[in-house]
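Trainee: Sequence:
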Amino acid sequence: MNKPLRRIAIFCGLLVLTLLLRDNWLQYVKADTLREDTANRRVTIARYSTPRGDIIVDGNPITGSTASNSSGLNDLKYKRTYKDGPMWAPVTGFASQAFGANLMESVEDGILTGNDDRLFFRNTLDMITGKQKQGGNVVTTLNAAAQSAAYNGLKKQGGKGAVVALDPSTGKILALASYPSYDPSAFAGSSNTDAEAWKKLQKKYNPNDPMLNRALRETYPPGSTFKVVTAAAALQNGLYTSADEATKSPLPYVMPGTTTELKNEGSIPCKNATMRIALRYSCNTVFGKIGADLGNDKMLAEAKKFGFDAEQFTPVRSSASTFSDDMNQSQTALSSIGQFNTAATPLQMAMVASAVANDGKLMKPYMIDKLQSSGVDTISQTDPQELSQPLSSENAQILQSMMETVVKEGTGTNAQINGVTVGGKTGTAQHGVENSENPYAWFISYAKLPDGSKPVAVAVVIEDDNANRDDISGGGLAAPIAKSVMEAVINSKK
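Numbering (the numbering used here), first residue to last: 238 to 731.
I should point out that these hints are in silico values taken from the structure, not numbers from a laboratory.
Hints may be right or wrong, so weigh each one.
As the list claims (entries may be wrong) - The list that follows gives simulated cross-link-like pairs (lysine-lysine, BS3-like), each with its CA atoms no further than 27 Å apart:
| # | residue 1 | residue 2 |
| --- | --- | --- |
| 1 | K730 | K392 |
| 2 | K535 | K601 |
| 3 | K392 | K440 |
| 4 | K500 | K485 |
| 5 | K542 | K685 |
| 6 | K437 | K392 |
| 7 | K542 | K601 |
| 8 | K437 | K393 |
| 9 | K541 | K485 |
| 10 | K541 | K601 |
| 11 | K731 | K607 |
| 12 | K485 | K535 |
| 13 | K730 | K645 |
| 14 | K320 | K240 |
| 15 | K440 | K393 |
| 16 | K500 | K645 |
| 17 | K320 | K370 |
| 18 | K320 | K500 |
| 19 | K437 | K314 |
| 20 | K508 | K645 |
| 21 | K436 | K392 |
| 22 | K370 | K314 |
| 23 | K542 | K485 |
| 24 | K645 | K393 |
| 25 | K441 | K393 |
| 26 | K607 | K320 |
| 27 | K485 | K645 |
| 28 | K645 | K370 |
| 29 | K370 | K392 |
| 30 | K730 | K320 |
| 31 | K730 | K393 |
| 32 | K731 | K685 |
| 33 | K730 | K607 |
| 34 | K393 | K436 |
| 35 | K685 | K645 |
| 36 | K320 | K685 |
| 37 | K731 | K645 |
| 38 | K535 | K500 |
It should be emphasised that the depicted structure is a prediction, and the values quoted were computed from it without experimental measurement.
Can you build the whole structure from these sequences, using the hints too?
Mentor: Below is the structure:
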């Protein structure tokens with residue numbers, strides 16, 4: 238080969254090598270970036286080219302797909318539909334041709350669209366047989382009756398709030414409701430009507446923020462419901478060894494390093510009260526002093542065992558609840574009664590009640606039981622998983638007896654269920670600068686059947702800006718909703 242031809246050959250070889258490098262760069266290095274680029278309509282076209290699989294509750298789909306009538310984007314063939322959309326929106330999230338997807342619709346998009354690698358065999362079989370490609374199904378752990386009781390209870394209350402119910406023995410999420418809510422069907426398409434519906438739901442135009450998932454993404458001061466965690470810390474650290482041992486709790490109690498008295502609500506028997514009496518009457522002085530006596534490090538360690546200071550993935554992400562570190566004794570005292578910087582999601586407080594009910598063992602919360610192909614073959618099954626052990630079995634049973642006293646003869650009597658033992662704790666959490674706004678009403682609880690099983694633990698929070706301040710209490714507003722949810726779970730098992 239003469240010299241000019243050799244140069245041309247080398248140059249052509251370099252061009253081919255450059256093309257190969259560029260092709261591999263695009264296909265492997267930049268693939269995810271290009272796929273997720275909002276300007277890449279191929280992903281959206283593929284997502285809505287076939288019917289999505291369904292999200293299943295109690296064997297029945299709560300979602301569907303219908304032919305799209307989008308006039309401006311005719312290349313999007315199908316759009317999502319929802320049954321009882323507002324009730325299930327905190328679980329399903331939305332899948333919109335124009336606005337993308339969130340929550341379960343986003344987390345399991347690969348299964349629902351049929352694009353997940355685990356569906357390769359099924360998709361190949363459908364291609365050979367000429368069957369239209371279909372998405373797989375997501376089978377949830379949710380209990381339809383419990384979800385209905387939770388959502389309708391919040392709706393009847395009329396304010397804002399959330400409910401989470403768990404199966405203590407497995408961590409299965411049985412109900413997850415948020416109010417006010419929205420209908421994901423309203424903006425599932427890409428028409429001007431869908432765009433207008435989306436706009437009206439944004440917080441900028443709707444201060445009630447109906448698209449906020451209050452069960453997973455909002456943190457509230459937990460108020461006196463956090464005293465259950467403080468009682469657990471006292472037992473686990475040997476500060477007190479029984480529910481009926483007198484505590485060293487003066488009245489008045491001046492917080493360490495200050496001249497400020499920690500007040501109780503009304504004239505209640507809190508001086509040197511036992512933890513049982515203190516939880517029954519919700520004594521701030523007793524549990525504030527317990528927190529100060531234990532100190533920040535021990536309180537923080539116990540809170541973390543219950544799940545605080547960590548995001549939870551159900552697999553939908555839940556915001557981390559907060560118990561601060563580096564606090565002085567007085568700050569620790571306030572945090573130990575659910576004030577100061579302490580903040581919790583409803584999911585977190587349901588986890589607290591669940592761990593106590595499950596004899597001290599906290600199970601990882603989850604709401605997807607299994608994933609299926611379009612032919613309903615199971616391709617993935619969720620197994621219950623222990624998350625931590627916040628309490629010994631002995632101490633958990635002591636705390637159960639204390640919570641059961643709260644419902645039998647304390648502030649939680651509105652949660653009583655005939656023939657069922659109920660343990661609970663009320664909370665009325667301060668809100669606003671110097672408690673200037675209406676407080677939040679909390680209730681956490683569990684139900685114990687005559688055979689000793691505990692099928693459900695619940696957390697309810699209510700925020701009602703329009704209620705009479707004197708009428709706001711965890712026992713008055715939140716406990717009846719928790720009762721109806723527990724009854725729904727119990728009755729569904731008969």
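Trainee: Compare the structure with each hint and give your call.
Mentor: Checked hints:
Annotation: proposed proximity of K730 to K392 holds, straight-line Cα distance about 25 Å (limit 27 Å). Taking the CA atoms of K535 and K601, the gap is near 23 Å; set against the 27 Å cutoff, the hint holds. A threshold of 27 Å between alpha carbons decides the hint, and for K392 with K440 the separation of about 19 Å falls inside it, so the pair holds. Among the hinted pairs, K500 with K485 is consistent with the structure: their alpha-carbon atoms are about 16 Å apart, no more than 27 Å.
In summary, the hint linking K542 to K685 is supported, as the alpha carbons are separated by about 23 Å, within the 27 Å threshold. This hinted pair checks out: K437 and K392 have alpha carbons roughly 20 Å apart, not beyond 27 Å. For the proposed pair K542 and K601, the alpha carbon gap of about 12 Å is at most 27 Å, so the pair holds. The hinted pair formed by K437 and K393 meets the criterion: a straight-line CA distance of about 23 Å does not exceed 27 Å.
This hinted pair checks out: K541 and K485 have alpha carbons roughly 26 Å apart, not beyond 27 Å. Restraint check for K541 and K601: satisfied, since their Cα atoms lie roughly 14 Å apart, inside the 27 Å limit. Note on K731 and K607: the hinted pairing holds, with a Cα-Cα distance of about 24 Å set against a maximum of 27 Å. Between K485 and K535 the CA atoms are separated by roughly 18 Å; this keeps the pair inside 27 Å, and the hint holds.
Proximity of K730 to K645 is assessed by CA-CA distance (about 24 Å); at most 27 Å being required, the pair is judged to hold. Between K320 and K240 the alpha-carbon distance is near 75 Å, which puts this suggested pair outside the 27 Å criterion. Our distance criterion of 27 Å between C-alpha atoms is met by K440 and K393, whose separation comes to about 22 Å. For the hint linking K500 to K645, the alpha-carbon distance of about 25 Å falls within 27 Å, and the restraint holds.
Only pairs whose Cα atoms come within 27 Å are accepted, and K320 paired with K370 is accepted, the gap being roughly 23 Å. Straight-line distance between C-alpha atoms of K320 and K500 comes to about 48 Å, which puts the hinted pair past the 27 Å bound. The straight-line distance between the Cα atoms of K437 and K314 is roughly 26 Å, inside the 27 Å bound, and the hint therefore holds. Note on K508 and K645: the hinted pairing holds, with a Cα-Cα distance of about 22 Å set against a maximum of 27 Å.
Between K436 and K392 the CA atoms are separated by roughly 23 Å; this keeps the pair inside 27 Å, and the hint holds. About 13 Å separates the Cα atoms of K370 and K314, which keeps this hinted pair within 27 Å; it holds. For the suggested pair K542 and K485, the alpha carbons sit about 26 Å apart, so the restraint of at most 27 Å is met. The straight-line distance between the Cα atoms of K645 and K393 is roughly 26 Å, inside the 27 Å bound, and the hint therefore holds.
Between K441 and K393, the direct Cα distance comes to roughly 25 Å. Compliance with the 27 Å bound is thereby established for this hinted pair. Restraint check for K607 and K320: the C-alpha separation of about 21 Å stays at or below 27 Å, so the hint holds. Distance restraint check for K485 and K645: the Cα-Cα separation of roughly 25 Å lies within the 27 Å cut-off, and the hinted pair is therefore satisfied. Proximity of K645 to K370 is assessed by CA-CA distance (about 56 Å); at most 27 Å being required, the pair is judged violated.
At roughly 39 Å between alpha-carbon atoms, K370 and K392 are farther apart than 27 Å, so this suggested pair is violated. About 24 Å separates the Cα atoms of K730 and K320, which keeps this hinted pair within 27 Å; it holds. At roughly 25 Å between alpha-carbon atoms, K730 and K393 fall within 27 Å of each other, so this suggested pair holds. About 14 Å separates the Cα atoms of K731 and K685, which keeps this hinted pair within 27 Å; it holds.
The straight-line distance between the Cα atoms of K730 and K607 is roughly 20 Å, inside the 27 Å bound, and the hint therefore holds. For the suggested pair K393 and K436, the alpha carbons sit about 26 Å apart, so the restraint of at most 27 Å is met. Using a Cα cut-off of 27 Å, the hinted pair K685 and K645 holds, with the two alpha carbons roughly 13 Å apart. For the suggested pair K320 and K685, the alpha carbons sit about 32 Å apart, so the restraint of at most 27 Å is broken.
Distance check on the hinted pair: K731 and K645 sit about 24 Å apart at the alpha-carbon level, within 27 Å; holds. Of the supplied pair hints, the one linking K535 and K500 holds, its CA atoms being roughly 24 Å apart against a limit of 27 Å.
Hints 14, 18, 28, 29, 36, counting from the list given before, are not met by this structure.
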